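J.: Okay, here's what each chain looks like letter by letter:
Protein chains: 2
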Amino acid sequence: MDQADIFPKGDLASADYFTGTAWVKILLSSDAELPTQIYDVTFEPGARNHWHSHPGGQILIVTQGKGYYQEKGKPKQVICRGDVVRIPADVVHWHGATADSAMTHIAIIPNTQPGTVAWMQAVTDEEYAAGN
Amino acid sequence: MDQADIFPKGDLASADYFTGTAWVKILLSSDAELPTQIYDVTFEPGARNHWHSHPGGQILIVTQGKGYYQEKGKPKQVICRGDVVRIPADVVHWHGATADSAMTHIAIIPNTQPGTVAWMQAVTDEEYAAGN
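Taken in order, these protein sequences are the chains called V and H.
Those letters in the first sequence? Residues 20 to 151, per the working numbering, in order.
Those letters in the second sequence? Residues 20 to 151, per the working numbering, in order.
These are computed hints drawn from the structure, not numbers from a lab.
Please read all numbers here as calculations on a predicted model, not as lab measurements.
A hint or two may mislead.
Here chain H is said to cover these stretches of chain V; the calculated rule only asks that three of the stretch's residues, wherever they fall, bring their Cβ under 8 Å from a Cβ of chain H [claimed, not checked]: (1) 44–53; (2) 67–80; (3) 87–95; (4) 126–135.
The beta-carbon is built from N, C-alpha and C at its ideal position, and this holds for glycine as well.
With the sequences and hints as input, model every part of the structure.
T.: In structure tokens form, the structure reads like this:
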């Protein structure tokens with residue numbers, strides 16, 4: 020565990036929903052009393068998740084490194100340590116590391132009552148590289 | 020800004036709701052589309068907020084240092100970098116730094132629709148020191 024890391028890396032992210040190597044550590048499990056899910060995700064360089072959306076929205080807080088965030092139909096954005104990404108309900112997007120830097124973020128699904136995530140197709144290498 | 024800090028310190032916390040010196044940096048403002056509020060709070064040694072509760076609950080993620088969390092009627096707990104504190108709706112509590120260490124946490128109010136916070140009386144020096 021890098022001294023700069025706040026949390027241990029957690030479990031390897033599923034290849035069903037991620038391209039490349041990423042780890043997911045659950046920080047808060049949702050329940051009826053507090054229907055919020057929080058996890059920490061570390062992406063190795065080049066790793067990213069598939070296109071997806073959240074019916075209750077999501078917020079990302081970047082705690083280490085440099086990565087990308089892209090909403091469907093918009094150019095990808097570079098996101099860095101200290102950036103906060105606001106993702107309203109049902110906005111289709113992906114996030115991940117840049118090709119030459121790892122990236123760690125806290126991911127918050129504030130309201131799991133309408134569901135947590137709807138997964139879609141993988142981000143292709145062409146989509147990932149576009150706009151560099 | 021300490022190299023280990025993720026965010027700048029923000030504004031001085033109000034003496035109406037805090038004892039000692041603390042800073043509050045808003046990370047996400049709540050709105051109708053995404054009714055979630057997130058902020059970063061840094062407490063100097065000895066600083067703490069007043070007794071309070073959140074009608075939509077709260078989650079704390081400690082990112083630096085060592086502090087205390089106490090729920091009304093229970094002993095105070097020591098919380099450290101990497102700890103996640105789950106606070107259900109309407110649970111009366113306070114949080115702050117220990118006497119000899121600063122503490123920084125991210126604070127998430129996942130659902131502001133029923134309101135954000137109900138402030139109560141200050142934590143007395145006797146309450147703060149109890150159980151040491």
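J.: What hints, given by number in increasing order, does this structure fail?
T.: Violated hint (a single one): 3; every other hint is consistent with the structure.
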